[in-house]
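Engineer: Letter by letter, the chains look like this.
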Amino acid sequence: MLDLRYFAWVRERLGTASERIETEAATVADLIEELRAIDEAHAFVFADLGGIRAAVDQELVGFDASLDGAREVAFFPPMTGG
Amino acid sequence: MSVRVGEAAFDPGAELNAFTAAVAGAGAVVSFSGIVRDLQGDLEAMEIEHYPGMTESALQAIRDEAMTRFSLTDAMILHRHGRLEPGAPIMMVATAAPHRADAFAAAEFLMDYLKSRAPFWKKEVRAGRADWVAARDEDEDALKRW
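Protein sequences appear in the order of chains X and V.
Be aware that the first sequence starts at 716, since it is given in the numbering used here, and climbs by one per residue.
Be aware that the second sequence starts at 3, since it is given in the numbering used here, and climbs by one per residue.
Hints are computed from structural coordinates only; laboratory data are not their basis.
Hints are supplied without guarantee of correctness; some may be wrong.
Quick look at which bits of chain X chain V covers, simulated, 3 or more residues with Cβ under 8 Å [stated by the list, open to error]: (1) 717-724; (2) 766-779; (3) 790-797.
Away from chain X, derived, C-beta distances all over 10 Å, residues of chain V [claimed, not checked]: (4) Ala11; (5) Asn19; (6) Thr22; (7) Gly27; (8) Glu67; (9) Gly84; (10) Val127.
Keep in mind that this is a model prediction, so the values were computed, not measured.
Every residue, glycine too, gets a C-beta built ideally from N, C-alpha and C.
One chain only, chain V, in its complex shape (with noise of 0.2 Å):
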């Protein structure tokens, strides 16, 4: 499936392996697991809210625009909500296409569109507090180069 939203843990090594078995003959797969981080070694957990229905339509929309601009034979959003281990997958995109320089382009423009394009919001939690992580300037320049 191209586009997943769930609780459920996922296991990026397997994903990636069933989504290049099901590209056979593309050429160039790029794939990317976003894991909770845990810098300072005292998060807790990682919440992440979602807006359920817009989620699935805004990833949808993003998977199908990287379609039209890049060369892709397919492409793959994964991404996870509600409460996440330090270390856990967050999320993962793949890419295939006959050439790298589409599969690693496309890639990235799914990972700046979903940055600040799908309505997920993420709160640390550590002892005691809870804290939403603020949006990046960055992140949305990001979407400039596109």
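Excised from the complex, chain X in its bound form (with noise of 0.2 Å):
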């Protein structure tokens, strides 16, 4: 079990701030896979990845990061903080 957090306007887009999925997804750039999937809105999310930051149990990564021992994935878009 994953659990997914999703922030700004993803969270908006998605409709949801969390879900919690069963996957097998080896690194985050296989999970987007099959987010993209899951619905339109998700397909919408995950099309263009330029805009779309992930940390993994907390620490930014890249796509490339594995999920191995993950428990928590997040997607938002660039942060503006300060």
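From the two separate chains plus the hints, produce the assembled complex.
Structural biologist: As structure tokens, then:
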């Protein structure tokens, strides 16, 4: 089981801040492939990865990051702190 | 406390005084405060979303990195989330060092990193509409100088 967290426009577009899924995905990129197939909203959000960032267990990662042992994956737009 | 994240308003002047008092003898203190801007005069509020847990650890990591890279006595990061009115302080960094060069450089370093590496997202609310603030390429590019 993997907990997914969504923030900002990604959260709004998907209509939820979190979901729990069953997955065998080995990397973040593999997971994104699976998520795209869920429905139109997921396909839209993950259509252009240039505007998406990912974190695995609250660490910012690249899309090639491994999901081995991961409990929580988050997707969000580029951050705008400060 | 060196890193603080919360909804409550803070007083940058009082925070700076407390920080300065705690590093007595440092020689140089630099601070920066980010304020909710309203250049067109029509902003109702800024809403700041964050990633609880990751926010605190990301800010702590950025602060630790600054302490390692520069010759600092102390460094502080404060950041608010939630709904903020125009003119309200959003965040603040303060650095203390034996000499000003490190204090200035570390404050810039903290700002550059927390702009694009701390999980906050800003939304501007204007009459009848709300828009996410887009990340700027310059903010990402700014990291390359460190």
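Engineer: List, from low to high, the hint numbers that the structure doesn't satisfy.
Structural biologist: Violated hints: none; all satisfied.
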